[in-house]
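J.: Residue strings, one per chain:
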Amino acid sequence: MAPPAQSHRSPSPSQPSGKGEVSDLKTQLRQLAGSRAPGTDDTKRDLFKKVISYMTIGIDVSSVFSEMVMCSATSDIVLKKMCYLYVGNYAKHNPDLALLTINFLQRDCKDEDPMIRGLALRSLCSLGVANLVEYLVGPLGNGLKDGNSYVRMVAAVGVLKLYHLSASTCLDADFPPLLKQLMLKDKDAQVVANCLTSLQEIWSLEASTSEEAARERETLLSKPVVYYFLNRMKEFSEWAQCIVLELVSKYVPMDTEEIFDIMNLLEDRLHHANGAVVLATIKVFLHMTLSMTDVHQQVYERIKAPLLTLVSSGSPEQSYAVLSHLHLLVMRAPYIFSSDYKHFYCQYNEPFYVKKLKLEMLTAVANESNTYEIVTELCEYVANVDIPMARESIRAVGKIALQQYDVNAIVDRLLQFLEMEKEHVTAETLVLVKDLLRKYPQWSHDCIAVVGNISSKNVQEPKAKAALIWMLGEYAQDMQDSPYILEGLVENWDEEDSAEVRLHLLTAVVKCFLRRAPETQKALGDALAAGVTDFHQDVHDRAFLYYRLLKYDVSVAERIVNPPKQAVSVFADTQSSEMKDRIFDEFNSLSVVYQKAQFLQPSYMFTDKEHRGPFAFSEELGNLSIGTEPSDAAVAAQRVEANDKDLLLGTSEKEEGHGYGSNGSAYSAPSYNASTTAGASQAHFDLVSIDQPSTVHPPVSFAIDDLLGLGMPSAPSSVPSTLQLNAKASIDANAFQQKWRQQPISLSQETSIDPRGVAGMMNPQALPQHMQGHSINCIASGGQAPKFKFFFFAQKEDGSSAYLVECIINSSSCKVQLKIKADEQATSQAFSELFQSALSKFGSA
Amino acid sequence: MISQFFVLSQRGDNIVFRDYRRDVQKGSAEIFFRKVKFWKDDGKEEAPPVFNLDGVNYFHVKRIARAIKDYLGVLSEESMRKNFVLVYELLDEVIDFGYVQTTSTEVLKSYVFNEPIVVDAARLPTLGPAALFMQGNKRMPGTAVTKSVVANDPGGRKREEIFVDIIEKISVTFSSSGYVLTSEIDGTIQMKSYLTGNPEIRLALNDDLHIGRGSVPSFGYSGSSGTGAVILDDCNFHESVHMDNFDIDRTLSLVPPDGEFPVMNYRITQEFKPPFTINTLIEEAGSLKAEVILKIRAEFPSSITANTILIEMPLPTYTTRVNFDLERGIVGQNADFKESQKKLEWNIKKIVGGSEHTLRAKLTFSQELHGNITKEAGPVSLTFTIPMYNPSRLQVKYLQIAKKGKTTNPYRWVRYVTQANSYVARI
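Chains as they are written, first to last, in the UniProt record's numbering: chain A, 1 to 845; chain B, 1 to 427.
Next comes chain A alone, as it looks inside the complex (with noise of 0.2 Å):
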């Protein structure tokens, strides 16, 4: 359908602007209609023509409709199928004119012609206007019921048509039973396997209110059924057999006898040359092997050569998608695919987006054996005139360095990386060099002595500037420039963009001098002065608790920015094996292609533009709905933990934003009791330029910052006595998500919503639309009539306390259920209040 907003789009030169057009059409199709001379069909199908490519480019033309519709008595099969497409197009959004085309479409529903027939009965049901689905019953009755099989295919999809338009209609009629009778019984697989997609999502849709319609749903994967399926598989088209593959993948047989036995029959689908027949034949085979070990080993030997060959014989965009499902397969049980490494080697022509797939696998299948094949053939790729490539090739090797313990050689071809002075190979190895340190220390010798010849002034990308930063602190001791580097480098802080770099640079340079006191001492002074007068929030934080922590007691300093490492035994996965599990649960589906599981139905809707994926929020809520697992808990605190041990050396890095502040273990709570320090550190830090009364205990930061004339944002917060919410308040997906599993609800209630704005649920926008003039944000939305879920977010003025809620709107009972999670316990029934009145208004304006 050529939507009529589309109208509105600025015509370019070369098509018409289309009034006068439109109206010279209007007047011609009149002068056509009645007419019966010879060579009417023709000039008709010119002008029919002229009138589809005008809707085609998005002029509006619902104007000739009633012409249209005159024209329509022919017998020209041609001109009929325009006209149905047409009037397809405008119906649902002229319901008055759509009346008018009910009646010779229902007189072709009776045509001679099974072609006819068929194609009145499609267009009849995809007409799309909800008050006219009475007169749908009978000719869809009948449909089911013809002798030809075309129009019996047709009227089995239209079943499903009248459904979404009136699902009571369509129970009322009694269809799915007389679906079913089709299904189990029609000559035409064809008619069988449109009886099958659409009983299918009927009773899906229908399962949750109903005992019968989820009895019904399980039927269908009843062994009689699916045996049923399976002897008629061969007539299927390619298309209906992945339909009937897709529910054999869910049929769970008696014992392994069965399991051989379907697997035996549907052996030769793996050789079929349509990769979807192939992927659902797969997902078969893991699917019933699945507790059966040994079996399921085989099974990923024996579809290997199939994949393959699917990856090599298709173009580009097949092979991703085949791809993509080997490589779920690759990283599910990488050393069946060790041997198969030069498979994914990657070609010079292949666009990036299949590289990047095969460089993960190759990294994945690494292992003694094959290891030095493959890091000498991405080292090929590193020196690649392509820059993406060549950085994921970098990160690859650097990848299979840390998964390996015999590295010796890895490290090596890693250092000759940054003496092939191209600054995006020096950018990205300088950050793996970094990881690789942090894993490996015992290399740090070996590194150490190349890094140090890196001019600082050749390294411009703030992670790979952050990453040489971390090591000119963290080896101050055997890097005998580190000192001066540093200095230089906070020479120019005011033209570092990066707050990542200077927060690094802080860090840095505090090591440098809890090392190497004297020759860092000036360093340290300018960093600390330039850092507290950082607009940045962090740094300037960061710089004052480096500056209070030395003046307290340099040798605390020492043991909390300094303290000896622990080598980082594994670096976290991107991914949970149970969100890999869930993956492979949905073999065969986009899941696999995005890496990410769906795990709602349907699917919550982003408003969130700049948020990464959709389903990776999705997935949580899908877990809230169900209830917080405790093991997911336990994952997120262990996760916590492990961010809290590079606390220091990376806190920027981690995106997900866990606060620093709220660490527990290893760094905190130092004891206040030390020693006295050595005098000469006393001494040297006299000499930080910040002139400072010493006070002994610092009782408050108020004397610093004044000294200092910057000032503290004063006054605790009070409370409004009217809750004011923030217009501009923000909050990316990921953040919410985070906060949702923290809090607990702290406002639980049921309220109705009017009936006027139930209509405008009809556009999924117009409710966050509407909420967010009220300063509510939409975070995620989702459902289906007349379930619709919503979560929003909004925050108070003064940014104090910030509110959470999860909205489901009933569109039939016209109830809404609303969960709040608020910050600030005290104001969550004023905020309830407002949200209420907000919503209430929704609709009546």
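Keep in mind the hints are simulated off the structure, nothing from the lab. Hints are not guaranteed to be accurate.
Unchecked claim - Per the computed footprint, the stretches of chain B lying under chain A, defined by three or more beta-carbons under 8 Å from a beta-carbon of chain A, are:
(1) 13-19
(2) 83-96
(3) 106-116
(4) 184-194
(5) 235-248
(6) 410-424
What the hints assert, rightly or not - Dumping the calculated DSS-like pairs for lysine-lysine here, alpha-carbon to alpha-carbon at most 30 Å:
(7) Lys-728/A <-> Lys-26/B
(8) Lys-26/B <-> Lys-92/A
(9) Lys-92/A <-> Lys-815/A
(10) Lys-789/A <-> Lys-26/B
(11) Lys-787/A <-> Lys-26/B
(12) Lys-92/A <-> Lys-35/B
(13) Lys-185/A <-> Lys-109/B
(14) Lys-356/A <-> Lys-439/A
(15) Lys-342/A <-> Lys-304/A
(16) Lys-82/B <-> Lys-49/A
(17) Lys-457/A <-> Lys-399/A
(18) Lys-273/B <-> Lys-342/A
(19) Lys-789/A <-> Lys-728/A
(20) Lys-580/A <-> Lys-739/A
(21) Lys-169/B <-> Lys-356/A
(22) Lys-342/B <-> Lys-356/A
We put the CB at the ideal spot given by N, CA and C, even for glycine.
We have chain A already, so just place chain B on it with the hints.
T.: Here is chain B on its own, set in the frame of chain A:
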């Protein structure tokens, strides 16, 4: 389920737009176009064929394109625009309410009534593997490949003919010392039938054909040019193919449906003799200069000629000028320095088997060399087409058409072609 199907022009306007389920927000085509056009700011990464934007999944759909091509003969913006009503008609039958009904041209033929307006194919590059037969080889009846399966010839009668194309795409990577690091053949037996009455066809392949590397003792193949068995690592077949006799006499039988379709796809990693060897020498000549010598040798019999050979080599980014020195008196060759991409391109129209060609190029740099120059340039990549040649030695020994009634003997075309997929020599 498919909610919408649209085809956009290069400029982003709708050529065809069909909404099946009315469950997607307005303007999806425009959103899609913007996203693809500006996938990454620097334009260096291309959009993947599938992506999700605000909860809507966008796909690149392949099979529908093939069905449309069968009808139009040529798939191009022009042919789509001229035939958009026919395309709508096809789309109506291919998908109903988001569910794929059929993509088989054979089935579609009985439902679709518009006749295609045939577009002059000569000046348009076509899609699909068979397009490579178009490249100016007079032995091949090029028009057939772009002929619509439903349109009649100007004479009114359909010409009875069938095309069987053995298309092999080869990937070879040579190490800097000239050894083959990896090699693979991805082959397809492609069929396009214009036979009336759908007669049964039998295709006989090599007697010594084996499927699966484990199926033959390893001494069975002697590598490069010997007469060893043809061993496929794996293959797959079109729905219509019956393999009842395959184990006995290596024949495939099928009733070909209308339209173009792959009878069989296969994959070979067995070693084969690469059709070209490349020799690259890059040497510094003073602080701001270097010389590149490229040598290409055709390792196939002199009865065969390769077409449209393109040799490409990325040069150091600080290259400012390149002077070329082609062999004296040579025709059909030219070399060029693509300054924006810093790439050397060497075009050769034809290479006869057994011959050798050399290119010398003098490079001038804007800055002094540092490090190893071989890390700044290369690798050398080749694209080419070699008609009537296939390195796997897979053959269609005969093509038998079961006779029906008194029809005249149809034309049969069995054609071989080899194309470079990824043919790379490292330096």
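J.: None of the hints should be skipped; say for each whether it holds.
T.: Here's how the hints hold up against the structure:
no. : hint                    : result
1   : 13-19                   : holds (count 7)
2   : 83-96                   : holds (count 6)
3   : 106-116                 : holds (count 4)
4   : 184-194                 : holds (count 3)
5   : 235-248                 : holds (count 5)
6   : 410-424                 : holds (count 3)
7   : Lys-728/A <-> Lys-26/B  : holds, 27 Å
8   : Lys-26/B <-> Lys-92/A   : holds, 14 Å
9   : Lys-92/A <-> Lys-815/A  : holds, 28 Å
10  : Lys-789/A <-> Lys-26/B  : holds, 21 Å
11  : Lys-787/A <-> Lys-26/B  : holds, 22 Å
12  : Lys-92/A <-> Lys-35/B   : holds, 29 Å
13  : Lys-185/A <-> Lys-109/B : holds, 26 Å
14  : Lys-356/A <-> Lys-439/A : holds, 25 Å
15  : Lys-342/A <-> Lys-304/A : holds, 13 Å
16  : Lys-82/B <-> Lys-49/A   : holds, 10 Å
17  : Lys-457/A <-> Lys-399/A : holds, 27 Å
18  : Lys-273/B <-> Lys-342/A : holds, 19 Å
19  : Lys-789/A <-> Lys-728/A : holds, 23 Å
20  : Lys-580/A <-> Lys-739/A : holds, 24 Å
21  : Lys-169/B <-> Lys-356/A : holds, 22 Å
22  : Lys-342/B <-> Lys-356/A : holds, 24 Å
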